[in-house]
Each structure stands twice: as structure tokens, then as C-alpha cells.
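Number of protein chains: 2
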Amino acid sequence: MTKTNIYIYIISDSVGETAAKIAQASIAQYLNVNITLVRRTFITEKDELLRALKDADDHDAIVIHTLTSDQFVHIANEYCGEHNLFCMDLMSPIMNEIYRRSGEQPSRVAGALHSLNQNYFNRINAMEFAVKYDDGKDPKGFLEADIVLLGVSRTSKTPLSLFLANKNLKVANLPLVPQAHIPKQLWEVDPKKIVGLTNDPIILNKIRQERMKAYGLDPNTSYSNLDKIQEELEFANDLYRQLGCIVINVADLSIEETAAIILKELKLEDRSYYA
Amino acid sequence: MTKTNIYIYIISDSVGETAAKIAQASIAQYLNVNITLVRRTFITEKDELLRALKDADDHDAIVIHTLTSDQFVHIANEYCGEHNLFCMDLMSPIMNEIYRRSGEQPSRVAGALHSLNQNYFNRINAMEFAVKYDDGKDPKGFLEADIVLLGVSRTSKTPLSLFLANKNLKVANLPLVPQAHIPKQLWEVDPKKIVGLTNDPIILNKIRQERMKAYGLDPNTSYSNLDKIQEELEFANDLYRQLGCIVINVADLSIEETAAIILKELKLEDRSYYA
Numbered sequence: 001m002t003k004t005n006i007y008i009y010i011i012s013d014s015v016g017e018t019a020a021k022i023a024q025a026s027i028a029q030y031l032n033v034n035i036t037l038v039r040r041t042f043i044t045e046k047d048e049l050l051r052a053l054k055d056a057d058d059h060d061a062i063v064i065h066t067l068t069s070d071q072f073v074h075i076a077n078e079y080c081g082e083h084n085l086f087c088m089d090l091m092s093p094i095m096n097e098i099y100r101r102s103g104e105q106p107s108r109v110a111g112a113l114h115s116l117n118q119n120y121f122n123r124i125n126a127m128e129f130a131v132k133y134d135d136g137k138d139p140k141g142f143l144e145a146d147i148v149l150l151g152v153s154r155t156s157k158t159p160l161s162l163f164l165a166n167k168n169l170k171v172a173n174l175p176l177v178p179q180a181h182i183p184k185q186l187w188e189v190d191p192k193k194i195v196g197l198t199n200d201p202i203i204l205n206k207i208r209q210e211r212m213k214a215y216g217l218d219p220n221t222s223y224s225n226l227d228k229i230q231e232e233l234e235f236a237n238d239l240y241r242q243l244g245c246i247v248i249n250v251a252d253l254s255i256e257e258t259a260a261i262i263l264k265e266l267k268l269e270d271r272s273y274y275a
Numbered sequence: 001m002t003k004t005n006i007y008i009y010i011i012s013d014s015v016g017e018t019a020a021k022i023a024q025a026s027i028a029q030y031l032n033v034n035i036t037l038v039r040r041t042f043i044t045e046k047d048e049l050l051r052a053l054k055d056a057d058d059h060d061a062i063v064i065h066t067l068t069s070d071q072f073v074h075i076a077n078e079y080c081g082e083h084n085l086f087c088m089d090l091m092s093p094i095m096n097e098i099y100r101r102s103g104e105q106p107s108r109v110a111g112a113l114h115s116l117n118q119n120y121f122n123r124i125n126a127m128e129f130a131v132k133y134d135d136g137k138d139p140k141g142f143l144e145a146d147i148v149l150l151g152v153s154r155t156s157k158t159p160l161s162l163f164l165a166n167k168n169l170k171v172a173n174l175p176l177v178p179q180a181h182i183p184k185q186l187w188e189v190d191p192k193k194i195v196g197l198t199n200d201p202i203i204l205n206k207i208r209q210e211r212m213k214a215y216g217l218d219p220n221t222s223y224s225n226l227d228k229i230q231e232e233l234e235f236a237n238d239l240y241r242q243l244g245c246i247v248i249n250v251a252d253l254s255i256e257e258t259a260a261i262i263l264k265e266l267k268l269e270d271r272s273y274y275a
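Line by line, the protein sequences give chains Y and W.
Its first residue numbered 1, the first sequence is counted upward by one per residue in my numbering.
Its first residue numbered 1, the second sequence is counted upward by one per residue in my numbering.
In case anyone wonders, no lab produced these hints; they're calculated from the structure.
Treat the hints with care, as some may be off.
Part of the chain Y face toward chain W, derived, beta carbon under 10 Å [said to hold, decoys possible]:
| hint | residue |
| --- | --- |
| 1 | Ile6 |
| 2 | Ala23 |
| 3 | Ile35 |
| 4 | Arg39 |
| 5 | Lys54 |
| 6 | Asp58 |
| 7 | Ile62 |
| 8 | Arg108 |
| 9 | Ala126 |
| 10 | Phe163 |
| 11 | Leu233 |
| 12 | Phe235 |
| 13 | Gly244 |
| 14 | Ile255 |
All C-beta atoms, glycine included, are put in the ideal place defined by N, C-alpha and C.
Working from the sequences, and respecting the hints, build out all of it.
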């Protein structure tokens with residue numbers, strides 16, 4: 001760990017989520033550097049903005065801002081220029097370029113990304129849908145879903161469903177257990193909407209042993225038995241072949257990565273926006 | 001709607017989530033401009049990168065890239081410079097500045113933000129926790145949760161729980177109905193972890209009428225009755241006072257905004273990172 005302590009100030013008139021993401025992506029590249037992230041969000045008054053900038057200056061911080069009002073952007077950029085503060089203005093460059101090309105004025109509404117429009121309510125519905133139709137709770141969900149996820153235990157079905165729901169997609173999932181009853185509705189779903197999740201047997205074995213330990217149980221139960229896992233995976237793969245759906249091995253993938261692959265493969269990228 | 005059609009190309013060696021967020025925040029400012037978002041993600045080969053850049057050039061696109069390899073950043077920035085393409089490099093400025101200050105080399109691992117570390121698995125657990133302890137399903141969850149959300153019907157408890165779970169926080173929620181049994185565990189929870197959600201009666205009335213209509217039912221049932229709603233809200237507010245928890249009126253707030261307020265008030269911002 002180096003001695004340097006670096007401050008990054010997120011300054012925003014809204015949630016500051018976008019700026020935080022950039023900061024976090026950068027921090028993830030420097031695991032040995034001490035970095036303190038400070039958020040000054042929902043700034044609506046000029047005084048508040050100046051106070052945040054002054055604090056950032058006191059810490060010789062890296063400033064990342066997402067400000068939508070012309071005046072606030074101007075104040076922040078001027079202040080950082082005068083005080084020799086490193087400043088990244090995330091909103092203006094793209095906004096100005098769109099303005100230059102279209103001649104349209106931006107709405108300059110802070111947090112426009114989070115406005116309570118139809119898209120927003122669809123997303124909320126998608127999240128409630130994911131909880132309602134998680135874990136094969138109700139097979140009727142398959143017919144209404146944008147995506148149906150299938151997979152044996154510990155292939156991230158639930159977190160993946162929730163992550164995709166947050167992107168405005170209705171997801172139902174079904175855990176696969178050999179000899180389990182496969183609901184008839186599944187055969188009525190367009191295979192292009194179905195995703196079969198699979199994993200490496202060795203990894204599943206390890207994950208399941210850990211899980212048993214966490215429960216204070218014997219790690220070598222049939223749940224974590226390698227032959228048993230192999231059998232489950234074969235059952236799942238057979239079903240995927242019969243259904244004709246895509247198959248993704250989640251072994252080395254985070255849910256963000258798996259989600260991105262699903263959106264690409266199912267051609268749902270365009271429907272996956274927040275706003 | 002203006003005739004201009006503007007292309008924004010997201011080019012990334014990982015999910016491209018950060019760049020997409022910037023693009024979407026900008027698009028949200030220009031509702032009357034036709035903007036097409038194209039994603040070229042998980043780029044690992046130089047050829048792929050050059051193809052994506054060529055396509056962007058063919059569409060005279062605005063390019064936003066998150067690339068971590070030195071070589072790819074260099075290729076992208078050079079190409080855009082030579083072809084006079086508008087280009088926003090999101091990763092390099094902050095990464096270079098951290099390097100300048102710390103003297104440390106970045107790991108240059110693509111998708112480092114999504115690495116499968118302990119933090120990642122904690123987040124997956126948090127998502128499963130949210131589903132398990134949604135809707136007061138099991139009061140034991142209250143004692144283990146980082147945040148306990150309380151609220152009458154239609155105050156966004158479920159989506160809010162899921163959104164916060166995605167930020168690595170364990171959330172349990174309890175719907176409030178007058179005269180309902182309040183689980184004894186709730187009184188054992190530190191009030192600083194509890195959030196009481198409330199809403200404006202008129203808005204709740206409207207939301208609930210819509211919900212009844214969506215179900216094909218009479219919109220003027222007792223569920224949407226204004227006196228009934230008032231009574232429910234009073235019951236909830238009384239409970240919040242007794243518990244001594246913070247209260248948030250979600251009337252004009254998106255879940256992102258409510259979540260940001262909760263993190264600020266409960267001083268959980270520092271724990272809410274992805275990586």
C-alpha cells in the first residue's frame with residue numbers, strides 16, 4: 001500500500017451514480033492505492049456547489065462532476081481551472097456535441113435519467129415480476145417473460161434475474177433438478193427467449209461445499225457430490241438441446257458479464273435502457 | 001422530432017455499462033432528438049476494435065469508450081483523431097491522474113470492476129437476501145439486515161430493496177397494513193437501520209386505482225379509498241415515530257433517488273460500492 005491518499009470528489013445535481021461508476025472503475029484498476037471517494041450529490045444551490053468545490057480543493061481532490069445546469073457546469077469548471085484542480089466534466093462534452101449536431105436545446109433537468117416516465121414504471125414492474133416469478137414459483141410467468149432463465153442450483157439465476165429486471169426486462173427463472181417436473185408452459189415459450197445456464201462441475205462442487213459449510217453442515221453431502229452434479233448438468237444440457245435455447249457457461253463470468261452476453265445474444269440491448 | 005439521426009457508439013473491452021450510463025444520461029436531456037445507441041462490447045482483439053471504430057466512422061458517430069489496455073486506448077484515440085470523430089475517453093483521464101499521483105501502475109485488467117472477489121460474492125448474497133426477506137416473509141431477516149424498509153402498499157419497497165441489494169447491502173422489507181401484527185424482531189433492530197417509507201395520499205389513491213384497472217377490477221375498492229389510505233398512512237407514521245426511524249416521502253422520487261437519500265441518511269455510502 002503506498003502512502004499517498006487520493007481523494008475523488010463526485011459532485012452532482014442528481015444521484016451521482018454515473019460519476020461514481022467511473023470512479024469505481026478507475027479505483028478497481030489501482031488496488032494498492034488508498035483512494036477515498038466523497039459524494040456531494042443532489043446539489044441544488046450555488047452555495048452548496050461552492051462548498052463542495054472548496055472541500056475538494058482542501059483535499060487536492062480529483063473532481064468528477066455530472067451537472068446539468070449551464071451555470072453550475074460553468075462554476076465548477078471555472079473553479080477547478082482557477083484552483084488547478086483536476087476536473088472531469090462528464091455531461092457537457094456529449095451534451096454539447098448533441099446540441100451542435102441537432103440544434104436542439106437540452107432540457108437541463110437534473111436527474112432527467114431518473115424521471116418518473118412510462119419507462120420507469122415498466123422497470124419497477126419488471127423488478128416486481130422478477131421477485132414474483134423467481135425460482136419457478138409460478139409457471140404462468142414464462143409466457144409473459146422477456147427472458148426465461150433455466151439452470152441448476154448455483155448458476156446465479158436469482159441475482160441475474162434481478163440485474164436484468166433493473167434493465168427493464170421481465171425475467172422468470174426455473175431451477176433444474178433431475179427428474180423434476182418441467183412445467184408444460186416452458187414448451188410454449190419461444191426458444192429465442194430462453195437461456196440455459198450451466199457451470200463447470202468442479203466449480204459447482206466447490207461452491208456447494210462452501211455453502212454446506214456456511215450452513216454448518218457436512219460439506220460432502222449428495223448436494224456437493226461430483227457425480228451427482230455431473231448428472232444434474234447432463235439433465236440440464238439435454239433439456240437445453242430439446243428446447244433449442246442458447247447455453248451460457250457462467251463459470252468465470254460475473255452477473256454483469258453474463259447479463260451483457262444474454263442481451264447481445266437475445267438482441268435485447270436496445271430494450272435494456274434506463275431512460 | 002428533428003430529422004437528425006445521431007449515432008453514439010459505446011466501445012468497451014468489458015460490459016460497457018459505464019459508457020452506456022453516460023450516453024443514456026445525455027440522451028435523457030434530448031427527448032426530441034433521434035439518437036441511436038450502438039454497443040460494441042467485450043472487445044479483446046485489435047481487429048474487432050478497428051472494425052468497431054470503422055463502423056463508428058461510417059455513421060459519423062459520437063464515440064464513448066472504456067478501454068483499459070494502453071494499446072487499445074491509444075488505437076481508439078488515434079483513430080478518432082485522424083478521422084475527426086468526436087471521442088470521449090472515459091477511463092484514461094482518471095487512471096492517468098491516479099498514476100501521476102501514486103506512481104503505481106494500473107492493473108489494466110479489463111472488467112476489473114466485475115472481478116469475482118469477496119465483494120462480488122457479498123453482493124450476490126445481498127440479492128438473494130433481498131428476495132428471501134422481501135415482503136416480511138421471514139422476520140428473522142430484520143436482525144441480519146443492513147437496512148429494514150417499512151411502508152404501506154405501493155411505496156416501492158420491493159424494487160428499492162433489489163436496487164440497494166445490487167449495491168451490496170442486505171435489505172429486508174415489511175409491508176404495513178393497519179392492525180397488522182408487527183413482528184417483535186422489529187423492536188430489536190437499531191432504529192438507525194430502519195427507514196419508514198410514506199407517500200402522498202392522492203398519489204397512492206391514483207396508483208392503486210390504476211393497479212385495480214390493470215387487474216380488470218373496479219378501481220374504487222377499499223384498497224384505493226382515500227380515507228382508508230389516510231388511515232394506513234397514519235398507522236405507518238405512528239409506528240415510525242415509536243420506532244424513531246427516519247421517514248422518506250417517495251411521492252416524487254425515483255428508486256435511484258430514494259436509494260441515494262437512504263445511503264446518505266444511514267451513512268452507508270461508503271459501503272455501497274460495486275468493487
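Going through the numbered hints above, which ones does this structure break? Give me the numbers in ascending order.
5, 6, 11, 12, 13
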